[in-house]
Each structure stands twice: as C-alpha cells, then as structure tokens.
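Chemist: Letter by letter, the chains look like this.
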Amino acid sequence: MNSAILAGATLFLYMAAAACYGAVLFLDARAAPSPGAGAGSAPRAARFGRPLLLLGILLNIVVIGALCIATHRSPFASEYGTLVVSAWAIAVVYAGLDFRAKLPALGAVSILAACLMLFWGLVHSRGPVAETRLLSQRIVSLHVLATVGSLALFALAGACAGLYILQSRQLKSHGAGNLFRKLPPLATLDSLAYHAVAYGLPLLTLGLSLGILYVYRSGLPSNAWWLDPKTIVSFVVWLLYIVYLSARLAAGWRGVRLQYILLAGLVIAPMLYLVPGPTHQFR
Amino acid sequence: MNLALVGLSHHHAPIEVREKLSCPDHMLGSALQALHARQGVREAALLFTCNRTEIYAVLDTVDPDSAFAALRSHLSAYHNVPEPLFSPYLYFKSRDEAARHLARVASGLDSLVLGETQILGQVRNALRAAQQAGAAGRDLIPLFEHALTCGKRVQTETTLRQGSLSIGTAAVDLATRIFGDLTDARALILGAGKMSELTANDLVSSGVKFVLVANRTYEKAVELAERLGGKAIQYDAFPENLVTADIVISSTAAPHPIVTREMLQPILRKRKGKPLFLIDIAVPRDIEAAVGDIDNVFLYNIDDLQEVAAEGAKGRAERAQTQAESIADEETTRFLARIRTRSVTPVLARLRSQAGKAANDRLAVLRSRLGPISDRDWEIIAVQFRSLADEMVLAPTLRLKREAVEASAAAGDAPQYELADAARELFGLAEEAQPLLEDRAAQPVARPIVEDAVTLEPLQEVKL
Numbered sequence: 001m002n003s004a005i006l007a008g009a010t011l012f013l014y015m016a017a018a019a020c021y022g023a024v025l026f027l028d029a030r031a032a033p034s035p036g037a038g039a040g041s042a043p044r045a046a047r048f049g050r051p052l053l054l055l056g057i058l059l060n061i062v063v064i065g066a067l068c069i070a071t072h073r074s075p076f077a078s079e080y081g082t083l084v085v086s087a088w089a090i091a092v093v094y095a096g097l098d099f100r101a102k103l104p105a106l107g108a109v110s111i112l113a114a115c116l117m118l119f120w121g122l123v124h125s126r127g128p129v130a131e132t133r134l135l136s137q138r139i140v141s142l143h144v145l146a147t148v149g150s151l152a153l154f155a156l157a158g159a160c161a162g163l164y165i166l167q168s169r170q171l172k173s174h175g176a177g178n179l180f181r182k183l184p185p186l187a188t189l190d191s192l193a194y195h196a197v198a199y200g201l202p203l204l205t206l207g208l209s210l211g212i213l214y215v216y217r218s219g220l221p222s223n224a225w226w227l228d229p230k231t232i233v234s235f236v237v238w239l240l241y242i243v244y245l246s247a248r249l250a251a252g253w254r255g256v257r258l259q260y261i262l263l264a265g266l267v268i269a270p271m272l273y274l275v276p277g278p279t280h281q282f283r
Numbered sequence: 001m002n003l004a005l006v007g008l009s010h011h012h013a014p015i016e017v018r019e020k021l022s023c024p025d026h027m028l029g030s031a032l033q034a035l036h037a038r039q040g041v042r043e044a045a046l047l048f049t050c051n052r053t054e055i056y057a058v059l060d061t062v063d064p065d066s067a068f069a070a071l072r073s074h075l076s077a078y079h080n081v082p083e084p085l086f087s088p089y090l091y092f093k094s095r096d097e098a099a100r101h102l103a104r105v106a107s108g109l110d111s112l113v114l115g116e117t118q119i120l121g122q123v124r125n126a127l128r129a130a131q132q133a134g135a136a137g138r139d140l141i142p143l144f145e146h147a148l149t150c151g152k153r154v155q156t157e158t159t160l161r162q163g164s165l166s167i168g169t170a171a172v173d174l175a176t177r178i179f180g181d182l183t184d185a186r187a188l189i190l191g192a193g194k195m196s197e198l199t200a201n202d203l204v205s206s207g208v209k210f211v212l213v214a215n216r217t218y219e220k221a222v223e224l225a226e227r228l229g230g231k232a233i234q235y236d237a238f239p240e241n242l243v244t245a246d247i248v249i250s251s252t253a254a255p256h257p258i259v260t261r262e263m264l265q266p267i268l269r270k271r272k273g274k275p276l277f278l279i280d281i282a283v284p285r286d287i288e289a290a291v292g293d294i295d296n297v298f299l300y301n302i303d304d305l306q307e308v309a310a311e312g313a314k315g316r317a318e319r320a321q322t323q324a325e326s327i328a329d330e331e332t333t334r335f336l337a338r339i340r341t342r343s344v345t346p347v348l349a350r351l352r353s354q355a356g357k358a359a360n361d362r363l364a365v366l367r368s369r370l371g372p373i374s375d376r377d378w379e380i381i382a383v384q385f386r387s388l389a390d391e392m393v394l395a396p397t398l399r400l401k402r403e404a405v406e407a408s409a410a411a412g413d414a415p416q417y418e419l420a421d422a423a424r425e426l427f428g429l430a431e432e433a434q435p436l437l438e439d440r441a442a443q444p445v446a447r448p449i450v451e452d453a454v455t456l457e458p459l460q461e462v463k464l
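Keeping their order, the protein sequence lines are chains A and B.
Numbered by my numbering, the letters in the first sequence go through residues 1 to 283 in order.
Numbered by my numbering, the letters in the second sequence go through residues 1 to 464 in order.
Be careful, since some hints might not be right.
Some chain A residues flagged as far from chain B (calculated, every beta-carbon gap over 12 angstroms) [as the list claims (entries may be wrong)]:
(1) Phe26
(2) Leu54
(3) Val62
(4) Ile69
(5) Ala70
(6) Gly96
(7) Leu142
(8) Leu203
(9) Thr205
(10) Leu208
(11) Ser209
(12) Gly219
(13) Trp226
Ranges of calculated distance between the beta carbons of each label pair, as one might list FRET restraints [to be verified]:
(14) Ala198/A - His26/B: 52 to 58 angstroms
(15) Pro255/B - Arg257/A: 33 to 39 angstroms
(16) Asp181/B - Pro202/A: 25 to 31 angstroms
(17) Arg100/A - Gln323/B: 41 to 47 angstroms
(18) Thr244/B - Tyr216/A: 47 to 53 angstroms
(19) Phe12/A - Asp329/B: 55 to 61 angstroms
(20) Val275/A - Thr244/B: 44 to 50 angstroms
The set of hints was computed from the structure by calculation and includes no laboratory data.
Here a beta-carbon is modelled for each residue, glycine too, at the ideal position from N, C-alpha and C.
Modelling step: build the complete structure from the supplied sequences, incorporating the hints.
Modeler: Written out as structure tokens, the structure is:
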C-alpha cells in the first residue's frame with residue numbers, strides 16, 4: 001500500500017488522539033484529573049486518547065517501513081521520510097510520558113505538533129529521494145536520528161512552556177473559569193520541560209558531533225558545511241538550550257522568563273526543516 | 001418590633017469598600033456601645049465578617065426612611081468614611097425581611113461559598129457581643145436565637161455544607177496548581193488568628209511540612225506553630241523569610257498593608273523567579289494589590305479565594321439549597337408568629353391560670369361534699385375537670401393567637417389587638433393582665449449568654 005495513504009490514516013489517528021486529550025479542556029473541570037490522580041479519575045474522552053495514540057504510533061512505524069521498502073533507502077533520504085520520523089518521535093515521547101503521568105492538556109498540544117509534522121511531510125510526500133549512498137551510512141542515520149529525537153524532546157519542552165505561561169496567566173488573572181484546574185501544575189510543567197531539555201540537549205550534541213565527525217572523516221570541504229544555514233540554525237538551537245540549562249542549573253532561575261527561552265526554541269527549532277541546506281540536499 | 005437592618009456584603013460591595021467599614025474583634029464592644037447610645041436605638045447587634053458588615057437594630061421610629069438614614073449616618077460617622085463612598089452598596093431591610101435575611105445569613109445561604117459553616121459561629125459571636133455590651137434585649141436575642149436555630153437545622157438536615165469548599169480548600173487547590181506536590185512547599189503564616197490557623201491547617205493536612213509562624217505577639221506565634229507542627233519566628237524577621245517561602249498566608253489585624261510592592265522587589269530578585277503564592281485573608285488587606293502584578297507572584301485575597309471555592313462547589317448543592325431555603329422560611333415564619341403572639345401571651349396566661357384556678361376551686365368544693373371515694377375515681381374526676389377548663393380556653397387561645405399574627409402582619413407590627421381587649425373585658429383580666437405586660441417590658445432581659453440560650457454543638461468543621 002502507498003505509504004502516503006497510510007500516513008494519512010496515521011494523521012487521522014493522531015488528530016483523533018489530540019482531540020480526545022484536548023476535549024478535557026472543554027469538558028467539566030471537575031472531570032479533569034487532579035495532580036497525582038490515578039487512571040480512575042481520567043475523563044472518558046481522555047481514556048480514548050491513549051489507544052488512538054498507540055495505534056497511530058504503530059501505523060507510523062508501518063509508514064516508515066513501507067517507505068524504506070519502496071525507496072530502498074533510509075527514511076532520512078527524503079524530506080517526507082524525515083518528517084514522518086519526526087512526527088513519530090514526538091508521538092513516542094508523549095506516549096512514554098503518558099504512561100507515567102496523566103497530563104491530557106500536554107498530550108493535546110504535543111500530539112498536535114506531531115500532526116503538523118506529519119501533515120507537512122504529506123505535503124512533501126512526492127518530493128525527491130536522495131540517490132546518494134552517503135545518506136545510507138550508519139553515521140548519517142544516527143546523526144539525523146539523534147537530531148530528530150532531540151527536536152521531539154524540545155517540542156515537548158516548548159509545549160510545557162506554552163502551557164506554563166497559559167497556566168500562570170490563568171492563576172494571575174484569578175480566572176475562576178476552571179481552565180486552571182484542567183492545566184497541569186506550574187511545577188510539573190517546569191520540571192517536565194527541564195527534563196525534556198536535559199535529555200534533548202545531549203542528544204542534539206550527539207547529533208551535531210556525529211555530523212562534524214562525518215564531515216571531517218569523509219574529507220568533504222568543511223567550509224561549505226559550516227556555512228550551511230541548517231548547520232548554523234542547529235548551533236543556534238544548541239546554544240539556546242545551553243543558555244536555558246545554565247540559567248536554570250547554574251543561576252537557579254525559575255518562572256515565566258525561563259519558559260520564554262523554551263518558546264523561542266520552539267520557534268527556532270522548526271527552522272531546521274525550513275531553511276535551505278546546500279549540504280543537506282535530498283538529491 | 002421596629003427591626004431594621006443596614007449592611008453591605010460581598011454581593012455588591014468590593015473588598016476596598018468592605019475593609020473601610022470593618023471592625024476588629026477587640027473594638028466590637030465599643031462599636032456596639034456607640035450604636036446603642038444613639039438616640040432612638042433600643043437594641044443593637046453588629047455582624048462583622050470578611051464578607052459583610054451588618055447592623056441589626058430595634059429603633060423607636062417606624063419610618064423605614066428615617067431608620068435607614070439614621071443607621072447610614074451612624075456607619076459613616078463611626079467609621080469616618082464619607083457616605084457617598086459606601087451608600088451605593090448598602091442594603092436596607094426591615095421587620096420580616098430583616099429577620100428572614102438573618103436566617104439566610106446564619107444558614108450560609110447568603111455566603112459566597114454556599115453552605116459554609118463559619119458564619120454560624122460569627123452570628124453566635126455577634127449575639128454574644130451584643131449581650132455582653134447590654135445592647136441586645138427582648139427583641140434581638142430571640143431574633144438571633146431563631147437565626148442560630150435555623151442555621152443549625154440547615155447544617156444538620158441538609159447536605160448544603162457538603163457541597164461547599166472552604167477558603168482553606170480553595171487555597172490548597174490553588175497551591176496544588178502552582179506547586180503540584182505540596183510536600184516540599186514552605187509556608188509562612190503571618191498572624192496567629194483563627195483564620196490563619198484554619199487555612200494553614202488545610203495546607204498542613206495536604207502535605208505541607210515546613211511551616212513558619214510570625215505574629216506581633218511572639219507567644220501566640222509559638223502556640224500556633226506548636227499546633228501546626230511548625231516553628232515560630234519573630235515578627236520583624238518575616239521579610240527575610242519571604243525569600244525562601246513558597247506559600248504565605250497573611251491574616252493580621254494591621255490597618256495598613258504589611259507587604260508592599262516596594263518591600264517585595266529586592267526579595268523577589270533573590271528568589272530568581274521562583275513562584276510565590278500569597279494568600280491575603282485579612283480585612284483590611286495585608287498585602288498591597290500591586291504586588292499581584294509582579295511576575296511569578298500569585299496574590300489571592302479573600303474575595304478571589306471565595307470565588308474559586310464557589311466555582312468549585314457550583315452545581316453540587318442545588319437540591320440542598322432549595323431545602324435550606326424552605327427551612328429558613330419555615331423558621332422565620334415560626335419566629336414571626338412567636339414575636340407577634342408575644343403581646344397577647346400575658347392575657348392568655350392569665351386566662352389559662354384563671355380557668356385552672358376555677359377548676360381547682362370547684363374540685364375542692366366537690367371533694368368536701370362527696371362521700372368516701374377511691375383515689376382512682378377521684379383522679380378521673382379531677383382530670384375531667386381540668387380538661388374541661390382547658391377546653392373552655394382552647395378556642396379563645398387559638399383565636400387570640402391567630403388574630404395577633406394576622407393583625408400584626410397587616411398593620412406592620414403596630415399592635416391592634418381588639419380581641420385581646422375583648423378577652424380582658426369578658427374574662428375580667430384587664431386589671432391583672434396589664435401590669436404583667438408592663439412589668440415584662442420594663443424588666444431588663446436577664447437571660448444567659450447565648451451558649452445557654454441555644455444549645456449549639458461545637459462546630460465539627462469550622463470553615464472560613
């Protein structure tokens with residue numbers, strides 16, 4: 001079966017899962033799980049979210065497999081494949097979290113990000129597939145996989161930061177409209193964002209290091225790689241999260257301002273997919 | 001009874017206005033005396049809570065406009081607040097409406113947090129203070145007693161209180177939304193009053209382990225800290241402890257804010273953006289409103305907390321509310337009937353006494369004229385005689401009471417008891433009954449302080 005059709009079905013499942021998690025925000029607040037509440041208190045709509053998400057993740061794997069079989073290349077040989085893997089990574093990161101803590105509002109935002117990735121991939125599903133064997137090398141696959149994994153974690157951190165700012169505003173405005181009861185506690189969001197960055201930054205560092213290693217090992221002209229906008233954006237993102245971690249760990253910063261750094265990351269990181277990359281061509 | 005009520009509450013008056021007309025507990029006695037000393041005020045009681053300021057007074061005047069004007073001007077003069085500042089928020093109720101209002105207030109039906117139970121204790125305290133100041137008498141004591149009975153019935157016969165969330169619960173709810181697990185949260189309590197303790201208790205039972213208490217009187221801080229399992233600090237040391245605190249509960253009797261934006265700025269720099277949850281349950285407020293605009297500071301005053309609590313309880317108690325309203329109506333009707341029949345009570349008492357005396361006299365004559373008779377037979381005869389006497393006065397009694405209630409309601413409590421006069425004439429009670437009425441009116445009300453007047457069980461769960 002055409003992988004794009006399967007990707008469409010995956011997108012549908014992700015959207016349904018996001019809708020189920022998001023429905024909590026529009027249902028009666030008293031149905032929303034309280035912090036630390038067990039599965040028994042989860043609203044019915046949110047309970048459908050997890051099976052739909054897991055089904056979507058499985059189908060996403062099938063999509064990646066079908067793509068590899070069809071192209072006889074790594075999924076990172078095309079922009080479509082890279083975006084499909086990115087969507088899968090975001091979904092997996094949230095699914096892992098969902099088994100540890102029930103945070104449906106975060107699920108709605110995170111899975112929405114996965115939906116956007118997949119939709120964007122579907123738009124490029126007829127794009128070129130790189131013929132060069134360079135991309136089939138293990139070091140390149142690991143380089144992309146580590147980078148995509150880190151971006152999935154940064155997406156989760158960005159979603160936490162967005163919800164933190166929203167929750168903070170709700171609490172400051174004394175909004176008795178109950179939205180604050182449906183959003184996770186500030187401390188939970190802050191801690192999750194921190195852990196996502198704490199795991200994401202080493203992954204990004206690994207991805208960048210593997211990229212540098214590949215360039216120097218292959219004897220390619222390194223100047224072209226260093227001046228590639230994708231490389232530059234990667235280092236900007238890396239520096240941004242270094243600043244975040246330094247501010248939090250070394251300077252002991254907390255609160256809303258720190259979340260704005262993560263939001264900036266959420267805006268800059270997708271540039272990696274958008275900016276032209278002369279040395280990162282799928283040709 | 002020319003009962004008048006003037007007040008303002010959370011329904012319309014913002015906290016900025018309410019705090020100007022508040023009165024600390026230690027000033028309540030002098031406030032009552034000042035009101036009672038005013039010309040035309042026979043009896044007075046004051047109900048001050050975080051949510052309301054209410055004057056209940058029995059006045060000489062029957063004109064509602066004059067009563068309203070007199071009490072409004074007293075509020076203005078006593079609190080030194082210009083009338084235009086608070087007049088738009090004032091409500092005035094008289095007679096039946098005032099009695100019904102107090103019943104609803106004591107039942108928690110007029111509270112922002114529907115069904116909250118602390119109000120019952122506050123009504124009881126208002127009565128106690130009025131009795132101690134000698135300001136409450138034959139009209140206000142039964143009025144407050146009826147309200148307390150009503151409140152107690154609502155508490156025990158309905159599930160209204162189960163649908164309510166206390167201020168403490170609302171504070172815990174908000175703290176959980178900020179800090180998640182409260183186990184590691186550090187609480188600082190400013191003021192060792194009852195409100196602080198109740199709110200702090202809720203936090204402690206939700207897992208807060210580290211509690212500091214600061215109070216102007218250090219000994220009270222120590223006592224509260226012991227009860228909460230925390231530590232007392234000197235009052236002057238509280239600003240430096242704001243650096244490490246996560247939750248601050250402030251409920252001091254300070255007339256001006258003790259935590260200002262200017263004072264907090266350097267402290268917040270040291271906190272490096274760590275969220276700070278400030279709970280200001282004092283009226284007047286302890287924390288400057290502008291503090292709430294600072295990033296990472298979440299300031300909630302009593303109104304904000306009550307809104308959160310009310311929102312949490314919404315929809316849970318509709319049926320209980322209907323039931324509670326009917327109890328309040330029933331109790332008010334019973335009280336009004338009692339008050340209105342009060343003026344014919346001496347006539348009825350005399351009538352019953354006269355009938356009883358006549359029966360006993362006839363029994364004595366009969367005993368002397370009858371031959372030997374068994375005790376059992378004599379008992380039967382005596383019971384029949386007394387029953388006959390009771391039956392004779394039953395119809396006039398019921399008729400007189402009904403007339404008293406109906407005539408009083410129609411005439412707005414102006415006594416027009418024609419039947420009572422007729423009864424005096426017909427049964428020859430006039431000469432003896434009248435002094436009874438006067439005597440009772442003239443005598444000071446020597447009644448026990450409220451705890452004995454209405455037996456109230458200690459509140460199991462006193463909520464703010």
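Chemist: Each hint: holds or not?
Modeler: We went through each hint and held it up to the structure:
1. Remark: the non-interface label on Phe26/A is consistent with the geometry, its nearest Cβ contact in chain B lying 16 angstroms away (cut-off 12 angstroms).
2. The beta carbon of Leu54/A is kept farther than 12 angstroms from every beta carbon of chain B, the shortest such distance being approximately 26 angstroms.
3. With a cut of 12 angstroms on Cβ distances, Val62/A stays outside the contact zone with chain B, its closest approach being about 38 angstroms.
4. No Cβ of chain B comes within 12 angstroms of the Cβ of Ile69/A; the nearest lies about 46 angstroms off, and the non-interface call holds.
5. No Cβ of chain B approaches the Cβ of Ala70/A within 12 angstroms, the least distance being about 47 angstroms, so the stated non-interface status holds.
6. Listed as outside the interface, Gly96/A is consistent with that label: its C-beta sits roughly 19 angstroms from the nearest C-beta of chain B, beyond the 12 angstroms cut-off.
7. Non-interface status of Leu142/A relative to chain B is upheld: no Cβ of that chain comes within 12 angstroms, the nearest being about 36 angstroms off.
8. For Leu203/A, the condition that its CB be more than 12 angstroms from all CB atoms of chain B holds, with the nearest at approximately 26 angstroms.
9. The non-interface label for Thr205/A is consistent with chain B: the shortest C-beta to C-beta separation is roughly 26 angstroms, beyond 12 angstroms.
10. The beta carbon of Leu208/A is kept farther than 12 angstroms from every beta carbon of chain B, the shortest such distance being approximately 29 angstroms.
11. A cut-off of 12 angstroms between C-beta atoms confirms that Ser209/A is not in contact with chain B; the least separation is 32 angstroms.
12. The claim that Gly219/A is not at the interface with chain B holds, since no C-beta of that chain comes within 12 angstroms of its own (minimum 48 angstroms).
13. A cut-off of 12 angstroms between C-beta atoms confirms that Trp226/A is not in contact with chain B; the least separation is 36 angstroms.
14. Taking the beta carbon of each, Ala198/A and His26/B are about 55 angstroms apart, inside 52 to 58 angstroms as hinted.
15. Taking the beta carbon of each, Pro255/B and Arg257/A are about 36 angstroms apart, inside 33 to 39 angstroms as hinted.
16. Here the CB-CB span from Asp181/B to Pro202/A is close to 27 angstroms, well matched to the stated 25 to 31 angstroms.
17. With their beta carbons about 45 angstroms apart, Arg100/A and Gln323/B fall inside the hinted range of 41 to 47 angstroms.
18. Separated by about 50 angstroms at the C-beta atoms, Thr244/B and Tyr216/A satisfy the suggested range of 47 to 53 angstroms.
19. Checked against the hint of 55 to 61 angstroms, the pair Phe12/A and Asp329/B passes, with Cβ atoms roughly 58 angstroms apart.
20. With their beta carbons about 45 angstroms apart, Val275/A and Thr244/B fall inside the hinted range of 44 to 50 angstroms.
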